[in-house]
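Participant: Protein chains in written order, with this note's numbering: chain A, 1073 to 1423; chain B, 29 to 334; chain C, 44 to 340.
Errors might be hidden in some of the hints.
Stated by the list, open to error - Calculated lysine-lysine pairs in the DSS-like style (CA-CA distance at most 25 Å, straight line):
#	chain 1	residue 1	chain 2	residue 2
1	A	K1232	A	K1174
2	A	K1185	B	K160
3	A	K1232	A	K1185
4	B	K160	C	K332
5	C	K297	C	K226
6	A	K1185	A	K1174
The hints are simulated quantities; they were obtained by calculation from the structure and are not laboratory data.
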Amino acid sequence: MSNSTLSSVSSDLRPRTAAMAGQPLLEINNFSTHYVSAQGTRVVRAVDDVTLRVNAGETVGIVGESGSGKSTLALSILRVLPTAARIVSGQLWFEGEDLVRKTDAEMQDVRGKRIAMILQDPMASLNPLFTIGNQVAEPIRVHEGADRPTAWRRARDLLKAVRIPSPETRVQQFPHEMSGGMRQRIVGAIGISCEPRLLIADEPTTSLDLTIQAQYLNLLRELQRAHGLALIFITHNLGIVAKMCDKLVVMYAGRVVESGPVSRIFNAPAHPYTKALLNAIPRMSDKRQRLTAIEGQPPDLAALPRGCAFAARCPEAFDRCRKESPPEFNFDGGRTSRCWLSTATTRSGAA
Amino acid sequence: MKQFVARRLGYSLLSLLLLSLTIFFFVRVTGDPAALLVEPGASEADIAAIHQQFGLDRPLWVQYGLFMVNLFRGDFGQSFYYQTPVFNLYLDRLPNSLLLAAVAMAFSLLVGIPTGILAAVRVGRFWDSAGKIFALLGLSLPSFFVGLVLILVFSVYLGWLPSSGFGGVWHILMPAFALGWYFAASHMRLTRSSMLEVLGSEYIKLARLKGLPQSLVIAKHAFKNALIPVLTLAGINLVLMINVAVVVETVFAWPGIGRLLYEGISFRDFPVVQGVVIMGGTMIVVVNLLVDIAYAVIDPRIRVET
Amino acid sequence: MSITTETLVLPASSPPRSSARRSRDLPLIPITILVVIALTAIFANFLAPHNPEVGSLTARFRPPVWQAGGSLDHILGTDQLGRDVLSRLIFGARVSLVVGFTAVIVAGVIGTTLGILAGYIGGWVDQAIMRLTDAWLALPGLTFAIFLAAIVGPSMWNIVIILGAVYWTRYARVVRGEVLSLKEREFVRLAVVAGCSRMAIMWRHILPNVVNSAIVLATLMLGVVIVTEASLSFLGVGVPPPQPAWGLMLSDGKQGLMVGYWWLTVMPGCCIMLMVLSANLLGDWLRVKLDPQLRQL
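Here chain A stands alone, though its shape is the one from the complex (with noise of 0.2 Å):
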């Protein structure tokens, strides 16, 4: 890749809008982490071979069922794992170094500075027996060494802007004073709080009711253009990818089997699991009105079969899929599928 030449260059040189010379914020480089059991006996290849982009100022939505190796992708890119887990191999471009090649001291500096991360469940990421205040001030005390009251006086506004009546009483209460779309929001705000280019929202409103759910994407949306974060959204929800995203990463054990902009992959999808995840999402225009489930489980990602993983259960699969893993295929200006069904509709070769 040509921006490896990059990384002899220091980030604090680099002015922080990536976004100059289209180089992209975040970019991911055949990249895989495998988790290998204690004796080393068994390997589980939880995210294998992901190359994907990330511009500054972009929302990306990373799609697929539980176990398809969205979350473990997420946690790799801030190297918060399991002890369980390898990175095997693969690059992570953050800002022109390499994630990667960090010592845990220097990605100290990364986590919650420059990216941040929402996690799942809002009633358990919150400690429950520290103030909110302390919480959210934590990152700015340790990421710009702000004195108590300076950093206190930041974790007022920052509720603020997420929305929080009362911040100055707010501040004082514990996590369980609080209702899930509250906290949720708190942790919106920590992830905000030192300003960080890039911010990993991993399935952030599963835990919510429909309607803080659309306050809460709204929120995140204000925030992300007032702060010109990139946002990696990682969700099963595809109406949310709609709404939310400019560009659709679509994963299927382990490995991304599309990707592309947004609008044009729900127009015409390349791999026949984005179509029939596309077939499930019920339709107020579908006249029809069926629901198409996907048969069949994901493989055991201990032991992929051989040829395409998605083959077992892909309508369209023909003697080449059972016998051959596709590779990535470009085409269309931006678009990748692994499928070799995309050899016979588009016009480029193999990545």
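Dock chains B and C against chain A, hints included.
Facilitator: Using the frame of chain A, we list chains B and C on its own:
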């Protein structure tokens, strides 16, 4: 909440009732209780007098009633050896037992908590294995053997510490170590598992995602949460320590409740043995009740369970 | 699974090491120690060089052979009555094993029976048994055992019964929990539909399924029971002299400690320690191997 406390209180009272019945029953089913309640070598007339005094010729349920009435009045009978009420003897010895238990507890926490945290943070690696061996030794070495080896090393060969008795700071070191040894291992095990559970939680993940240094994540976010179950166990263990110290107190001639129990056994002083056992059981039932209620106050989910 | 910030960059393929694992799996050391102790106990009559209960007062406090004044005749020295320490240790293994195993079995039979009754019949039977279990658990095992021993008086079989009566509660709790979940299983429901009597279901369908847990628990209890037996002997309410119990030997040796007769306490102490350690190691291994549900015990 009120309902929960009422139910727990009911269970505890039931436990105490069953406990007293058990003790009462065992004494009477295994022979003539008068034989236990008189001094060894007493005459027929003495035994007859005891029968009269405790109403042993009356129906069993009347006897049990008398037994319970006496217990409630704090009358555990008279010690043959000391010729004083058992309850007074017990209260005399209690402060010594508390002192020993407190020092042993401090020792067990000072050893158990840091090693448990170290083992959890370094799970599966050297310190974890070392901790496992330590825990295994702690749970496998009988306290009397630990005590005797301590005496052999520090009193007989090195001559640093007094081998027995009650007095200054030096007297308490070895008994506290021997008593706290097992509990240090038990606290270490719980700290490790509790810490591992906390380290796997979402709020620790978020703390790491915030970019906090590992030391701060552990010292601030994990430590406080992981300590709650350990301190609860320590509360229960403190009472347990008072009641299982009999062996250690015998080894080091420490004048506590355990020593009282040993004297009761040695001098065939049955009222003393019975009194110590009843008091011990009561103490433990009460502490368990308090812990359950304290937990219910902290964690609302427990209240709905039985 | 815990989270750490440390990630390793490894080559993609890590070689499987399954062949090396199997030999590491069996806890060979504790099994060897327990087998040796068992064989010693069985063949005590042939192995012991002297009569363990008779000594000569002219040969008191002889040190072990490697110390000045020791002789090959008494390899591990003699005690305050001139009895051979090695022979007493060998016969002591018999006491510890017999008391340990039978007490664990007695406790297991009582506890498993009550646990099955409580779990399967339920209702007031369950309530009564579990409340009794709670009440008995309130007393520390050692204190309870001392109390019972003080009432019934010491003898080896009394000690077995006492330990069984004290330690059945843990079996009852674990077994009851298992039975509650077994009760909902298909094969038990089928047996009920087929018209089997409650006794038959408990005996033929429930019992075989809780035996595994009971065995794991028994192994874990073995160490506890042996320590309690030794403590009772040490306090003078255990197996009565002149029978050579390890705890009693320790207690007798205590007096000699201050004048340097260390072998009288260290030798039996090490025997107890080895046996308890082996039982605990084996129990831990069995627990992980046989019964994942018991890992939390």
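Participant: Hint compliance check: list the failing hint numbers for this structure, sorted ascending.
Facilitator: When the structure is compared with the hints, numbers 1, 2, 5 turn out to be violated.
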